[in-house]
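With positions in the sequence shown counted from 1, the corresponding number in our numbering is that position plus 46.
Hints are computed from structural coordinates only; laboratory data are not their basis.
Check before you lean on any hint, since a few could be wrong.
Quick list of the computed label-pair ranges, beta carbon to beta carbon [unchecked claim]:
no.: 1; residue 1: Phe104; residue 2: Ala224; range: 28 to 34 angstroms
no.: 2; residue 1: Ser264; residue 2: Trp125; range: 57 to 63 angstroms
no.: 3; residue 1: Gly89; residue 2: Met143; range: 44 to 50 angstroms
no.: 4; residue 1: Ala62; residue 2: Ser274; range: 30 to 36 angstroms
no.: 5; residue 1: Pro205; residue 2: Pro92; range: 35 to 41 angstroms
Taking lysine to aspartate or glutamate pairs in the EDC-like style, the calculated list, with each CA pair at most 16 angstroms apart, reads [claimed, not checked]:
no.: 6; residue 1: Lys126; residue 2: Asp253
no.: 7; residue 1: Lys144; residue 2: Glu235
no.: 8; residue 1: Lys174; residue 2: Asp253
no.: 9; residue 1: Lys126; residue 2: Glu235
no.: 10; residue 1: Lys251; residue 2: Glu235
A virtual CB, placed ideally from N, CA and C, is assigned to each residue, including glycine.
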Amino acid sequence: LVLALFAIPGSQAVLAAVTGAVDGLAMATNKGTQFVFGYLAGGSQPYPVDNQPALFTFAFQVLPLILVISALSALLWHWKVLKWITYGFGLLFQKTMKLGGASALAVAANIFLGMIESPIVIKAYLDKLTRSEVFLMMVVGLATVAGSTMVAYATILAPVLPNAAGHVLVASIVSAPAGVLLARIIVPEIPGQGGEVADYGSALKYDSAIDAIVKGTSDGLMVVLNISAVLIVFVALVALVNVMLGGFSLWGEPVTVERLLGVLFTPVAWLTGVEWSEAGVAGWLLGVKLTLTEFVAFIDLGQVPAEAMSERTRMLMTYALCGFANIGSVGISTDRPVTVMPTDPMLAKPHRA
């Protein structure tokens with residue numbers, strides 16, 4: 047699938063166009079954030095500045111992108127542009143991976159909307175899904191990223207990785223069938239069950255274009271607040287743990303969470319194809335992604351010095367980090383289907399092989 051996405055004639059031009067579109071969205075978003083926040087968002091400075099890069103503010107120059115993309119996604123869904131793209135991928139997954147209509151639609155929705163919105167898209171079919179299909183929807187949700195955060199990741203990586211937006215998009219697309227495969231292995235479908243046929247109607251509806259923009263902005267605001275809060279708390283907790291570990295040493299240097307994660311995940315990073323000399327840094331990033339969030343891991347990846355990691359390894363780590371799979375997201379992926387379908391206790395039951 048990756049080979050097809052990169053080898054098809056014109057695919058590079060499409061990925062380059064995606065990168066250009068992301069750059070355009072970033073420029074447009076900057077206009078809005080600078081109007082509201084002024085120099086805090088990169089606007090004209092009221093005083094001379096010697097170190098311009100030090101003025102970069104993550105909260106005002108990256109997170110607002112999520113608001114714009116969330117509103118734009120809702121608008122495109124209302125205009126049926128994003129809806130039919132999602133339905134097209136749903137039909138593709140249904141035919142190629144022998145999924146039921148509702149499951150295939152949920153898989154496609156996870157790629158473009160995210161694991162929070164995908165249960166809403168198939169709300170009418172949630173009570174008809176089998177245990178295997180519900181588990182599949184949750185796994186694919188953890189394996190992919192939402193379109194709104196996808197643009198934020200690409201913006202973070204753009205200074206250090208060429209065609210960052212294209213790589214993030216491809217990583218999310220190819221993670222969907224990989225998630226389907228693993229989900230079917232862990233919780234296989236019982237013969238004769240599943241295969242719920244969806245008529246591709248959706249419970250995700252807006253009354254008008256203005257309603258889509260307003261609700262999309264509101265949904266994006268909740269994502270921004272959640273990301274901000276999680277980053278503050280987890281970074282603070284890691285700093286606190288590092289203080290407590292400061293009295294210990296490992297190979298002559300102070301023990302930190304970062305070093306422990308690097309040691310633990312270094313073999314895993316090496317098995318992905320990373321050179322052993324760079325596996326320590328790559329393993330640390332994998333550990334950060336799993337125990338904290340992929341957002342923290344992408345920020346750290348963007349800050350790794352050029353001499354510490356090759357472009358090839360950066361690209362490999364972009365694919366490895368691109369997914370919502372972390373401890374906090376497990377709770378979200380469990381809670382959302384329960385919220386939409388509160389009368390079904392299926393998600394609370396333990397699985398027995």
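Hints, verified against the model:
| no. | hint | result |
| --- | --- | --- |
| 1 | Phe104 <-> Ala224: 28 to 34 angstroms | 30 angstroms, holds |
| 2 | Ser264 <-> Trp125: 57 to 63 angstroms | 19 angstroms, violated |
| 3 | Gly89 <-> Met143: 44 to 50 angstroms | 48 angstroms, holds |
| 4 | Ala62 <-> Ser274: 30 to 36 angstroms | 32 angstroms, holds |
| 5 | Pro205 <-> Pro92: 35 to 41 angstroms | 26 angstroms, violated |
| 6 | Lys126 <-> Asp253 | 13 angstroms, holds |
| 7 | Lys144 <-> Glu235 | 11 angstroms, holds |
| 8 | Lys174 <-> Asp253 | 27 angstroms, violated |
| 9 | Lys126 <-> Glu235 | 32 angstroms, violated |
| 10 | Lys251 <-> Glu235 | 31 angstroms, violated |
The earlier numbered hints that this structure contradicts are 2, 5, 8, 9 and 10.
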